[in-house]
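Add chains B, C and D to chain A, keeping to what the hints say.
4 protein chains.
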Amino acid sequence: MQKEIKKIGVLTSGGDAPGMNAAIRAVVRSCAYHGVGCAGIFRGYQGLIENDIEDLDARSVRNIISRGGTFLKSARSNEFKTPEGRKKAYDNLKAAGVDALIVIGGDGTFTGGLLFEKEHDFPVVGIPATIDNDISGTDFTIGYDTALNTVVEAIDKIRDTASSHNRLFLVEVMGRDAGAIALNSGIGAGAEEILIPEEDEGIDRLISSLKKSEKSGKTSSIIVVAEGDKSGKNIFELAEFIDSTLGGYDIRVSVLGHIQRGGSPSCFDRVLASKLGVGAVDAVLDGKRNIMIGIHHQKVITVSLETGIKGEDKFDRDLRRVADITSI
Amino acid sequence: MQKEIKKIGVLTSGGDAPGMNAAIRAVVRSCAYHGVGCAGIFRGYQGLIENDIEDLDARSVRNIISRGGTFLKSARSNEFKTPEGRKKAYDNLKAAGVDALIVIGGDGTFTGGLLFEKEHDFPVVGIPATIDNDISGTDFTIGYDTALNTVVEAIDKIRDTASSHNRLFLVEVMGRDAGAIALNSGIGAGAEEILIPEEDEGIDRLISSLKKSEKSGKTSSIIVVAEGDKSGKNIFELAEFIDSTLGGYDIRVSVLGHIQRGGSPSCFDRVLASKLGVGAVDAVLDGKRNIMIGIHHQKVITVSLETGIKGEDKFDRDLRRVADITSI
Amino acid sequence: MQKEIKKIGVLTSGGDAPGMNAAIRAVVRSCAYHGVGCAGIFRGYQGLIENDIEDLDARSVRNIISRGGTFLKSARSNEFKTPEGRKKAYDNLKAAGVDALIVIGGDGTFTGGLLFEKEHDFPVVGIPATIDNDISGTDFTIGYDTALNTVVEAIDKIRDTASSHNRLFLVEVMGRDAGAIALNSGIGAGAEEILIPEEDEGIDRLISSLKKSEKSGKTSSIIVVAEGDKSGKNIFELAEFIDSTLGGYDIRVSVLGHIQRGGSPSCFDRVLASKLGVGAVDAVLDGKRNIMIGIHHQKVITVSLETGIKGEDKFDRDLRRVADITSI
Amino acid sequence: MQKEIKKIGVLTSGGDAPGMNAAIRAVVRSCAYHGVGCAGIFRGYQGLIENDIEDLDARSVRNIISRGGTFLKSARSNEFKTPEGRKKAYDNLKAAGVDALIVIGGDGTFTGGLLFEKEHDFPVVGIPATIDNDISGTDFTIGYDTALNTVVEAIDKIRDTASSHNRLFLVEVMGRDAGAIALNSGIGAGAEEILIPEEDEGIDRLISSLKKSEKSGKTSSIIVVAEGDKSGKNIFELAEFIDSTLGGYDIRVSVLGHIQRGGSPSCFDRVLASKLGVGAVDAVLDGKRNIMIGIHHQKVITVSLETGIKGEDKFDRDLRRVADITSI
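Chains as they are written, first to last, in the UniProt record's numbering: chain A, 1 to 328; chain B, 1 to 328; chain C, 1 to 328; chain D, 1 to 328.
Keep in mind that a hint or two might mislead.
Chain copies aren't distinguished; within one or between two, either way the pair holds.
Below, simulated DSS-like cross-link-like pairs (lysine-lysine); rule was C-alpha separation at most 25 Å, straight line [stated by the list, open to error]:
| # | residue 1 | residue 2 |
| --- | --- | --- |
| 1 | LYS310 | LYS299 |
| 2 | LYS288 | LYS3 |
| 3 | LYS230 | LYS212 |
| 4 | LYS7 | LYS215 |
| 5 | LYS314 | LYS299 |
| 6 | LYS233 | LYS7 |
| 7 | LYS7 | LYS212 |
| 8 | LYS215 | LYS6 |
| 9 | LYS6 | LYS212 |
Because the hints were derived from the structure by calculation, they are not lab data.
Here chain A stands alone, though its shape is the one from the complex (with noise of 0.2 Å):
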C-alpha cells in the first residue's frame, strides 16, 4: 500500500546549471501548495549522508528564481557510492521524516538515485537539469537554453573584435559527448564551420571549407569546436595545424570555460524549471516512484529513471544541414 507523503527532500547534485533555483523554488511552492512539508538538502549526496538539511517553506526561495547556480549548492559524492554512505543518507531521510526525494541533475544524479531507491525502497523522482540537454526522455534539461545565449553573446564579442582585425578564431565550447551546444550555439552565432563529437569528417574538410569561405570573400571566421570533437586534435594543436597548412591567416583561439555554466537563467529555462518541478512534486503526490520528469512536445511527461541514465544521440542531421547552408 501506498505510504502517505507528509516530507518531501529536494537536492541538487552533480555539474550546477542555470534554473536549478527555480527548479528548487518550484517544488518548495509546490510542496506549500499541496500542504506538505519539504526539507531542503545541502550539497547533494555527500550533505544528505552528512545531515545538512533544513526544512525550507514557501518564502524560503524569494528572489532565486533570476539566479544562476544552486543555493542547496551541489556536490560529487563518493561515499554515495558505496552501501554505508546510502545506508547513511537513508537513516537521515528517515530522521528528518523524508518520504520521498526528488533529485535535481544529470544521468550521475539519477544513477545514484536509482540505486537508492531500490536498495531503501524509498521514492526518488529526479528532474534532469544540465547544460548539455544530453539526458534521454526529455526534448530539453533545465539550463541547455540559458547556455546557449550565453555561448551566442560571448561569440558575438569574439566576432566584433575578429571582424576588425580580418582574424579566424577557433572558439571551444563546452560538449564533451554532445554537440548540441556547438551546433546550436555555431548556427545561431554565424559559426563558418562547426566540430562536433558525433561527426568525425576529418581535418581535410574543415581546410577545404576555410578554402571556400576565403574564396567567396570571407575576411573573418568563426570555427566553433565541441570539446569533445573528433578531429584527434586539442584546440591549440587545431589553430597551429591550420596556420602551417593554410597559412596567411591571424588565428586566434578562445576556449569559453565555466563562464557557459551561470548566469541568470532565461525565460524559458525558468519556465520549463517550473514545469517541471512542479510536475516533480504532483507525481510524488500522486504514488510515482523510479522516475524521471521531462518535457516532450511541450508537456510534461515521466519516463524511468532508467530511461533518463541511459544517454541519447540527439544529434540533428537536418540541423548540420542548415549550418552548412547558412554559413556559406
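For chains B, C and D alone, coordinates are given in the frame of chain A:
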C-alpha cells in the same frame, strides 16, 4: 507544369521581431547555396509597390544575425490592400525576374500574401515572425523567445526596486489577444499574479490573491498585466482600484512598451529563424506554394497560409496552474 | 574628547540605486577589517525608529555586490521628521551600542542625518547614492553609471524597431530637476534631440531640428525627454504636438520608468561604492562627523553634509554641444 | 602660415576597443558640422598605404554607435614602419585631398603617427582607445569601461558555479603591463585576491590569504590574475602550485581571453568617444597638431603625442587597499 525558379524575393512586413534578420540571412544564403538568385524587397509590400528592390548575395547579409529589427525594413501598406497596388507589385516582381516570394511576418502579412498568390498565380511562402506567438500552425514564431527574455530582464530590474521598498508593481506587457508573453514572462519573473486576455476571472480574484500574498508574508509583489486583459480597466485604473480597495500599498505602474520588440535575438530565435529560412527556400524549390513554414515538435513543417491566418488559441491551462502554484 | 567608536550602524534611505548593496558590503567589511562592530538597520530611518536592527559580520554580505536594490531595504519615514521620531531612533541606537551612523542615500537622507546629528550630538556620515547624480560635493553618485547603461540598452532596443519602421520615438527618462541622465544617455544612444530641465529652448527648436533631420536623410529618430523638461507638455502631449505640427511622422512614445532604478550594478558603480564605503568607515574612525564622502577627480574626499544637501547644477554646456554635433 | 583644412582623414589602428565606432562617428559628424570633408581609411596604416580610402558623410556612420569593434577595421602594418611605406601613405593622403589625420588607437598608433607627422610635416591628432587604460595624458581610454563590465559580468557567472560547488577559481584577465583591469574588475566582482603586474608580493601572500579566507568561513573564492602578473608562474602553474601547497581545494582555471575586447560599448565609453571625437576635430581645425586628445577631470584636454606614447604608471595604491579591505 511547374515553372523553374530562378530568383526568389524576400520581404519583411508588419511589426518587426528579433530574428527577422536571421531569417532573411537564411533565405539569402539558402538561395546562394542552391544557385538561385535572391532579391531583397525593402519596406514590405509598400516597397514592393514602389519597386524598392535590390539583389542580395551571400555577403550582403554578413554580420546581421545578431541584430534586432530588420535591415529590409518593414511598413504597413494600404495600397497593397487594393487590386491596383497588388498589380503594381506583381509587375515589379516580374520586371525584377522574381519567380516566388517569401514573406516574413504575422497574420496580416500572410493575408496579403494569400490574396496576392491567388490573384496573380504567384508562389508565396510565409515565415511566421511576431513576438506574440499567436500564429496557428507553428509551435513558435520568430521573436517570441527574445521578447520573453527582454520582459523577464526588465521585471528582474523592477523586482530590485520593488523588494527594496516593499512595493506593489503593476507591469504591462504586450499581448492584445494572446497572453503567452504575460503568462510565460510572469512565471519566469516570479510574478505574484498574471492577468491575461484568455481569462476573465474578475478583479475579485486579484484582490483576494493580494490579500493572501500579504498574509503569507510577501512584502513586495509584481503583477503582470497583458495589454488585452479582461478586467475592463487599464493598468492605471487598476492601480487606483487596488489602492482604493485595499489601501496600505505603495503601488507603482510600469508599461514596458516598445523595448519588447527590439534587442539582439536569443540563440533560440536565431536557430529557429535559420531553420525556417532554409525550409522556406526548400519549399519554394520543391514547388510548394500558398504555404507557411512552421516548427512543430522541433521539426520544420509546412501548413497552408490559411492555417497561419486563422489564429489559434494557444492558451495553456497547465501553465496557468504552474503560475498559481509557484506564486504561492 | 572623542568617544571611541565600537560599533557603526549603516542604513539605506530614499530611492534605491544599483550599488547600494556594494556600499553596504564595503562598510560592513571595513568594520570587520578595523575590528569594529557593525549594525545593519533595515528600512532606513523608519526601521531605526522601529528598532529593526541586526548585527552584521563580514560573511553577512557575501554575494550581494552584484545585486541591484538594497538588502537593508529602504523606506520613507514621516516619523523621523518629528523630534519624537528622532528621539526613538537615538534611543534604539544607544540600546544597540551604536556609536556612529553611516547613511546611504540622497539629499533627503542627508537632511535627516544632519538634523539627527545636531539634535543628538551623534556622528553621522553620508554616502551619496542616487541614479540622478544630482548631489553636490561629489563628481558621481552611486547608481548613476548603471542607470545610464540601462537607459542606453533600452533605447538601443527601441532603435531596432524605430529603424525598421522609419519611426519617430519619444523616450522619457528619469530626471525631474537634472538632465544628466537624459543628456548622457541621449548622446550614448545616438538620440537626434534631447530635452532637459536645465534648458528651455522652446518647442520650436525641436520642430526645426526634426525638419533638419528629415532633410539630412534621417529616416528614423529618437528624442530623449527628461521627466522635468521645460516644454510645458508631457511626453504624450509632445507627441501630439509634433504630429499636428509636422504630420507625416509615425510617432511612438516610450516611458522607461522604474527599470532605470534596478539591475546589477556596473563595474564603475561597484568600485565607486566600495571606495566610498571604505572611506566612510575611515572617516568615522578618524573622528570625522557631519560629513559626506564623495569622489572628486578619482580621489575619495569629504565635504560637509550641508554641501551634499544644497544640490548643484552639474549641467555641462560642452556636453550639450557634443550632443548637437554628433546628432547632425 | 596655417594651411586651411578642407578634409580630415580618420583611421583606427592596433587592438580594437569598444567605442572606436562611436569615436569615428563623432569625427565624421563633427566634420559634417564644420563643413569639412572626411575620408575614412580602412585597415589602419596598412590600408592607408594600400589606398583603401573612402569619403564618409554624416549618414555613413548611422547606427554604429552601439557596435563593438571598428567598421573601419584595424591592422598591424610593418610597412608603415619603413620610410617607403610612410611615403606611400603620404602620397595617398595628398591624392585624396586629405589635410590632416586623426588616428584612433594606442601607443603604437601614436608612435607611427608622430613619426609620420615629423617626416612629412603632416598634422596628426591622436585619440586614445585601448581597453588597457595605459595611455599617459588621459584619465581614461576608450574601451576600458566596457571591458571592466565585460569582465565583471563573466566573473559573476563564474561566481554562480564557484558558490554552488565551494570551488576556488583562478580567472585570467587582460593586462600585460597594467593591472587596471584586474584591480578594478577584481574589486567589482568581489574577488578574494588580485594579482597584478605592478606588484610582486610573492606567492606566499596568496597562500596566506587563502588560508585566512578559509578560516574566515569563505567556502568559495575567486582569484583574479592579470596576464602580466609577477608570480613567475602562468595561471595553470599557479593552480597546480596552490593545489600542491594547500590541498583540499577544488580548483578551476578560466582564461577570459578575447571576449574582453568586444561587445556593445557602455554609455561611459560612448560619451567619452563622442567627446574625444568632437575634440579631435576641434583641435585639427584650431591648427593644433602633434597632439593627443585626452580627458582629465571630466574635461577634454590636449597633450603632446609624445606624452601619449611614454606610458604611465596609473597604479592606485588606495584602490589596492580597498581591494584588501572589501575582500576580508
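Hint check, failures only: Structure breaks hint 6 only.
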